[in-house]
Amino acid sequence: MQVGRPTTASAPATSRDVIRAVVVTVSEIACVAGSLLGAGVLGGPPVAQSAGGALAADATLIAPAGPAFAIWSVIYLGLAVYTVVQWLPGRLSAPLHRRIGWWVAASMLLNAGWLLVVRAGWLPVSVLVIVVLALVLGVIVRRRTQTPTAPRLDAIVVDGTFGLYVGWVSVATCANVTAWLVTTGINPGLGVSELAAVLVLLTALGIGLLLLRASRGNLAIALAMAWGIGWIAYGRLTGAPPSVITGVTAAAVAAILLVAGTVAVLRRRTGPAGSSRPVAPLGSPTH
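If you're matching positions, the sequence shown starts at 1 in my numbering and goes up one per residue.
Don't read these hints as lab results, they were simulated from the structure.
All residues carry an ideal CB built from backbone N, CA and C; glycine is no exception.
Among the hints, a few may not be true.
[To be verified] The calculated label-pair distances, taken between Cβ atoms and stated as ranges, are:
(1) Thr-270 with Pro-12: 46 to 54 Å
(2) Gly-121 with Val-41: 15 to 23 Å
(3) Leu-210 with Leu-190: 26 to 34 Å
(4) Leu-42 with Thr-203: 16 to 24 Å
(5) Pro-95 with Val-41: 36 to 44 Å
(6) Ile-19 with Leu-42: 26 to 34 Å
(7) Ile-19 with Leu-77: 20 to 28 Å
(8) Pro-45 with Val-125: 34 to 42 Å
(9) Ala-255 with Gly-40: 16 to 24 Å
(10) Gly-239 with Thr-25: 35 to 43 Å
(11) Ala-255 with Leu-77: 43 to 51 Å
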(Lines of atoms letter the chains of each structure in order from A; the text may use other names.)
(Lines give C-alpha, C1' and ligand atoms only; values in the text may rest on other atoms or scores of the structure.)
Protein backbone atom coordinates (compact mmCIF):
# COMPACT_ATOMS: atom_id res chain seq x y z
CA MET A 1 0.00 0.00 0.00
CA GLN A 2 1.34 3.42 -0.89
CA VAL A 3 2.10 5.84 1.90
CA GLY A 4 -0.71 8.31 2.45
CA ARG A 5 -3.33 6.54 0.32
CA PRO A 6 -6.62 6.08 2.22
CA THR A 7 -7.42 2.46 2.99
CA THR A 8 -11.17 2.91 2.63
CA ALA A 9 -13.36 5.10 0.52
CA SER A 10 -14.07 8.38 2.28
CA ALA A 11 -17.50 9.93 2.51
CA PRO A 12 -17.94 13.33 0.86
CA ALA A 13 -16.58 16.18 2.94
CA THR A 14 -19.16 18.41 4.58
CA SER A 15 -19.03 22.05 5.58
CA ARG A 16 -18.44 20.89 9.16
CA ASP A 17 -15.34 18.99 8.00
CA VAL A 18 -14.00 22.12 6.32
CA ILE A 19 -14.73 24.26 9.38
CA ARG A 20 -12.96 21.74 11.60
CA ALA A 21 -9.86 21.76 9.39
CA VAL A 22 -9.84 25.57 9.34
CA VAL A 23 -10.10 25.68 13.15
CA VAL A 24 -7.21 23.23 13.44
CA THR A 25 -5.14 25.38 11.08
CA VAL A 26 -5.86 28.60 12.98
CA SER A 27 -5.15 26.82 16.26
CA GLU A 28 -1.81 25.63 14.88
CA ILE A 29 -0.88 29.22 14.02
CA ALA A 30 -1.81 30.28 17.56
CA CYS A 31 0.24 27.40 18.96
CA VAL A 32 3.32 28.42 16.96
CA ALA A 33 2.89 32.05 18.04
CA GLY A 34 2.60 30.92 21.64
CA SER A 35 5.74 28.81 21.37
CA LEU A 36 7.70 31.74 19.97
CA LEU A 37 6.42 33.93 22.77
CA GLY A 38 7.31 31.29 25.35
CA ALA A 39 10.82 31.00 23.97
CA GLY A 40 11.26 34.76 24.23
CA VAL A 41 11.62 35.15 20.45
CA LEU A 42 8.87 37.79 20.40
CA GLY A 43 10.29 39.65 23.37
CA GLY A 44 10.36 39.20 27.10
CA PRO A 45 11.93 36.42 29.18
CA PRO A 46 11.50 32.76 28.21
CA VAL A 47 9.17 30.52 30.19
CA ALA A 48 11.96 29.21 32.43
CA GLN A 49 12.53 32.76 33.70
CA SER A 50 8.83 33.59 34.06
CA ALA A 51 6.72 33.14 37.21
CA GLY A 52 9.73 33.97 39.35
CA GLY A 53 11.77 31.15 37.82
CA ALA A 54 9.44 28.53 39.32
CA LEU A 55 9.78 26.35 36.21
CA ALA A 56 13.54 26.68 35.82
CA ALA A 57 15.68 23.56 35.53
CA ASP A 58 17.02 24.03 39.07
CA ALA A 59 13.77 25.11 40.72
CA THR A 60 12.61 21.73 42.10
CA LEU A 61 13.70 18.12 42.36
CA ILE A 62 11.27 17.19 39.56
CA ALA A 63 12.45 19.83 37.08
CA PRO A 64 14.03 18.31 33.93
CA ALA A 65 17.41 19.69 32.83
CA GLY A 66 17.27 22.33 30.09
CA PRO A 67 18.02 20.10 27.05
CA ALA A 68 14.86 18.08 27.75
CA PHE A 69 12.74 20.86 26.30
CA ALA A 70 14.19 20.28 22.84
CA ILE A 71 11.44 17.69 22.42
CA TRP A 72 9.02 20.57 21.82
CA SER A 73 10.65 21.16 18.44
CA VAL A 74 9.71 17.62 17.37
CA ILE A 75 6.18 17.95 18.75
CA TYR A 76 5.60 21.28 17.04
CA LEU A 77 6.87 19.83 13.77
CA GLY A 78 4.47 16.93 14.15
CA LEU A 79 1.55 19.27 14.79
CA ALA A 80 2.45 21.24 11.67
CA VAL A 81 2.57 18.04 9.61
CA TYR A 82 -0.78 16.92 11.03
CA THR A 83 -2.29 20.27 10.04
CA VAL A 84 -1.14 19.73 6.46
CA VAL A 85 -2.13 16.04 6.33
CA GLN A 86 -5.73 16.75 7.32
CA TRP A 87 -6.09 18.82 4.12
CA LEU A 88 -4.85 16.08 1.78
CA PRO A 89 -7.35 14.56 -0.68
CA GLY A 90 -9.88 12.34 1.06
CA ARG A 91 -8.77 13.36 4.56
CA LEU A 92 -11.35 16.00 5.46
CA SER A 93 -14.04 13.35 5.91
CA ALA A 94 -11.74 10.56 7.13
CA PRO A 95 -13.03 8.89 10.34
CA LEU A 96 -9.76 9.45 12.19
CA HIS A 97 -9.73 13.20 11.62
CA ARG A 98 -13.42 13.49 12.36
CA ARG A 99 -12.85 11.76 15.69
CA ILE A 100 -9.80 13.73 16.82
CA GLY A 101 -9.71 17.00 14.86
CA TRP A 102 -11.58 19.17 17.33
CA TRP A 103 -9.56 17.71 20.21
CA VAL A 104 -6.34 18.42 18.32
CA ALA A 105 -7.37 22.07 17.95
CA ALA A 106 -8.18 22.20 21.67
CA SER A 107 -4.74 20.83 22.54
CA MET A 108 -3.06 23.49 20.41
CA LEU A 109 -5.02 26.32 22.02
CA LEU A 110 -4.39 24.95 25.51
CA ASN A 111 -0.70 24.77 24.69
CA ALA A 112 -0.66 28.44 23.70
CA GLY A 113 -2.83 29.29 26.71
CA TRP A 114 -0.42 27.60 29.10
CA LEU A 115 2.47 29.64 27.77
CA LEU A 116 0.48 32.85 28.15
CA VAL A 117 -0.58 32.22 31.75
CA VAL A 118 2.97 31.24 32.74
CA ARG A 119 4.33 34.40 31.15
CA ALA A 120 1.74 36.32 33.16
CA GLY A 121 3.00 34.64 36.33
CA TRP A 122 -0.29 32.82 37.03
CA LEU A 123 1.22 29.53 38.14
CA PRO A 124 -1.95 28.11 39.80
CA VAL A 125 -3.85 28.70 36.54
CA SER A 126 -1.06 27.05 34.59
CA VAL A 127 -1.58 23.89 36.64
CA LEU A 128 -5.25 23.83 35.70
CA VAL A 129 -4.45 24.43 32.02
CA ILE A 130 -1.79 21.73 31.78
CA VAL A 131 -3.97 19.17 33.56
CA VAL A 132 -6.78 19.85 31.09
CA LEU A 133 -4.26 19.63 28.24
CA ALA A 134 -3.08 16.22 29.48
CA LEU A 135 -6.69 15.00 29.63
CA VAL A 136 -7.41 16.28 26.11
CA LEU A 137 -4.34 14.49 24.78
CA GLY A 138 -5.47 11.34 26.56
CA VAL A 139 -8.77 11.56 24.69
CA ILE A 140 -6.91 11.92 21.37
CA VAL A 141 -4.78 8.86 22.05
CA ARG A 142 -7.81 6.83 23.11
CA ARG A 143 -9.83 7.87 20.06
CA ARG A 144 -6.91 6.90 17.84
CA THR A 145 -7.01 3.36 19.25
CA GLN A 146 -10.74 3.26 18.55
CA THR A 147 -10.09 4.13 14.90
CA PRO A 148 -7.62 1.42 13.80
CA THR A 149 -8.32 1.75 10.08
CA ALA A 150 -6.53 4.82 8.75
CA PRO A 151 -4.16 5.75 5.93
CA ARG A 152 -0.61 4.77 6.83
CA LEU A 153 0.76 8.31 6.74
CA ASP A 154 -2.04 9.58 8.99
CA ALA A 155 -1.46 6.76 11.47
CA ILE A 156 2.27 7.47 11.65
CA VAL A 157 1.76 11.22 12.12
CA VAL A 158 -0.95 10.83 14.76
CA ASP A 159 0.74 8.03 16.70
CA GLY A 160 4.12 9.73 16.64
CA THR A 161 3.05 13.31 17.29
CA PHE A 162 0.42 12.73 19.94
CA GLY A 163 2.32 9.89 21.56
CA LEU A 164 5.25 12.25 22.14
CA TYR A 165 2.87 15.06 23.05
CA VAL A 166 0.94 13.21 25.75
CA GLY A 167 4.09 11.53 27.10
CA TRP A 168 5.97 14.80 27.48
CA VAL A 169 2.98 16.71 28.88
CA SER A 170 2.47 13.97 31.48
CA VAL A 171 6.00 14.58 32.75
CA ALA A 172 5.59 18.36 32.46
CA THR A 173 2.37 18.18 34.50
CA CYS A 174 4.22 16.53 37.38
CA ALA A 175 6.92 19.21 37.20
CA ASN A 176 4.34 22.01 36.94
CA VAL A 177 2.34 20.82 39.95
CA THR A 178 5.52 20.43 42.00
CA ALA A 179 6.69 23.92 41.05
CA TRP A 180 3.33 25.42 42.06
CA LEU A 181 3.36 23.65 45.44
CA VAL A 182 6.83 25.00 46.14
CA THR A 183 5.69 28.55 45.37
CA THR A 184 2.84 28.21 47.88
CA GLY A 185 5.40 28.05 50.65
CA ILE A 186 5.55 24.30 51.12
CA ASN A 187 9.21 23.76 51.97
CA PRO A 188 9.81 20.51 53.87
CA GLY A 189 13.24 19.25 54.75
CA LEU A 190 15.44 17.53 52.18
CA GLY A 191 14.43 14.04 53.30
CA VAL A 192 10.73 14.74 52.94
CA SER A 193 11.28 16.53 49.63
CA GLU A 194 13.20 13.55 48.25
CA LEU A 195 10.50 11.15 49.41
CA ALA A 196 7.86 13.30 47.73
CA ALA A 197 9.95 13.41 44.55
CA VAL A 198 10.22 9.62 44.51
CA LEU A 199 6.45 9.32 44.95
CA VAL A 200 5.87 11.75 42.08
CA LEU A 201 8.20 9.75 39.85
CA LEU A 202 6.43 6.51 40.73
CA THR A 203 3.13 8.22 39.94
CA ALA A 204 4.55 9.25 36.57
CA LEU A 205 5.54 5.62 35.99
CA GLY A 206 1.98 4.51 36.73
CA ILE A 207 0.60 7.13 34.35
CA GLY A 208 3.02 5.99 31.65
CA LEU A 209 2.02 2.35 32.00
CA LEU A 210 -1.67 3.29 31.88
CA LEU A 211 -1.10 5.36 28.73
CA LEU A 212 0.76 2.48 27.10
CA ARG A 213 -2.14 0.20 27.87
CA ALA A 214 -4.77 2.70 26.69
CA SER A 215 -2.87 3.33 23.45
CA ARG A 216 -2.22 -0.39 22.91
CA GLY A 217 1.50 0.06 22.88
CA ASN A 218 2.33 3.46 21.38
CA LEU A 219 6.11 3.48 21.78
CA ALA A 220 6.27 7.27 21.31
CA ILE A 221 4.61 7.70 24.71
CA ALA A 222 7.31 5.68 26.46
CA LEU A 223 10.07 7.46 24.52
CA ALA A 224 8.79 10.93 25.47
CA MET A 225 8.31 10.08 29.13
CA ALA A 226 11.68 8.34 29.36
CA TRP A 227 13.28 11.37 27.70
CA GLY A 228 11.78 13.83 30.17
CA ILE A 229 12.36 11.68 33.26
CA GLY A 230 15.85 10.82 32.08
CA TRP A 231 16.69 14.52 32.06
CA ILE A 232 15.31 14.78 35.59
CA ALA A 233 17.82 12.09 36.54
CA TYR A 234 20.62 13.97 34.80
CA GLY A 235 19.68 17.23 36.53
CA ARG A 236 19.63 15.71 40.00
CA LEU A 237 22.84 13.71 39.58
CA THR A 238 24.93 16.42 37.89
CA GLY A 239 23.30 19.75 38.68
CA ALA A 240 21.25 21.65 41.23
CA PRO A 241 19.40 20.87 43.35
CA PRO A 242 21.40 17.65 43.82
CA SER A 243 19.65 14.48 44.96
CA VAL A 244 21.09 11.02 44.41
CA ILE A 245 17.94 9.16 45.42
CA THR A 246 15.78 11.28 43.10
CA GLY A 247 18.26 10.89 40.25
CA VAL A 248 18.57 7.12 40.65
CA THR A 249 14.81 6.69 40.92
CA ALA A 250 14.25 8.82 37.82
CA ALA A 251 16.82 6.79 35.87
CA ALA A 252 15.13 3.55 36.95
CA VAL A 253 11.68 4.84 36.00
CA ALA A 254 12.93 5.97 32.59
CA ALA A 255 14.47 2.53 31.99
CA ILE A 256 11.28 0.73 33.05
CA LEU A 257 9.21 2.85 30.69
CA LEU A 258 11.51 2.06 27.78
CA VAL A 259 11.34 -1.66 28.51
CA ALA A 260 7.56 -1.54 28.97
CA GLY A 261 7.13 0.36 25.71
CA THR A 262 9.30 -2.11 23.82
CA VAL A 263 7.45 -5.09 25.27
CA ALA A 264 4.09 -3.49 24.41
CA VAL A 265 5.15 -3.01 20.80
CA LEU A 266 6.42 -6.59 20.52
CA ARG A 267 3.21 -7.94 22.01
CA ARG A 268 1.13 -5.89 19.61
CA ARG A 269 3.12 -7.12 16.63
CA THR A 270 2.58 -10.74 17.64
CA GLY A 271 -1.15 -10.16 18.18
CA PRO A 272 -1.72 -11.29 21.79
CA ALA A 273 -4.80 -13.30 22.50
CA GLY A 274 -7.84 -11.25 23.41
CA SER A 275 -6.90 -8.27 21.27
CA SER A 276 -10.00 -7.95 19.13
CA ARG A 277 -9.09 -4.69 17.36
CA PRO A 278 -5.32 -4.25 17.27
CA VAL A 279 -4.00 -0.89 16.21
CA ALA A 280 -1.50 -1.00 13.39
CA PRO A 281 2.06 -0.63 14.73
CA LEU A 282 3.82 2.66 14.10
CA GLY A 283 5.03 2.63 10.55
CA SER A 284 3.36 -0.62 9.51
CA PRO A 285 0.49 -1.10 7.05
CA THR A 286 -2.96 -0.56 8.51
CA HIS A 287 -5.88 -2.89 8.25
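Now the hints, each set against the structure:
{"no.": "1", "hint": "Thr-270 with Pro-12: 46 to 54 Å", "result": "39 Å, violated"}
{"no.": "2", "hint": "Gly-121 with Val-41: 15 to 23 Å", "result": "19 Å, holds"}
{"no.": "3", "hint": "Leu-210 with Leu-190: 26 to 34 Å", "result": "30 Å, holds"}
{"no.": "4", "hint": "Leu-42 with Thr-203: 16 to 24 Å", "result": "35 Å, violated"}
{"no.": "5", "hint": "Pro-95 with Val-41: 36 to 44 Å", "result": "37 Å, holds"}
{"no.": "6", "hint": "Ile-19 with Leu-42: 26 to 34 Å", "result": "29 Å, holds"}
{"no.": "7", "hint": "Ile-19 with Leu-77: 20 to 28 Å", "result": "25 Å, holds"}
{"no.": "8", "hint": "Pro-45 with Val-125: 34 to 42 Å", "result": "18 Å, violated"}
{"no.": "9", "hint": "Ala-255 with Gly-40: 16 to 24 Å", "result": "34 Å, violated"}
{"no.": "10", "hint": "Gly-239 with Thr-25: 35 to 43 Å", "result": "40 Å, holds"}
{"no.": "11", "hint": "Ala-255 with Leu-77: 43 to 51 Å", "result": "27 Å, violated"}
In the structure shown, a violation is registered for the earlier hints numbered 1, 4, 8, 9, 11, in ascending order.
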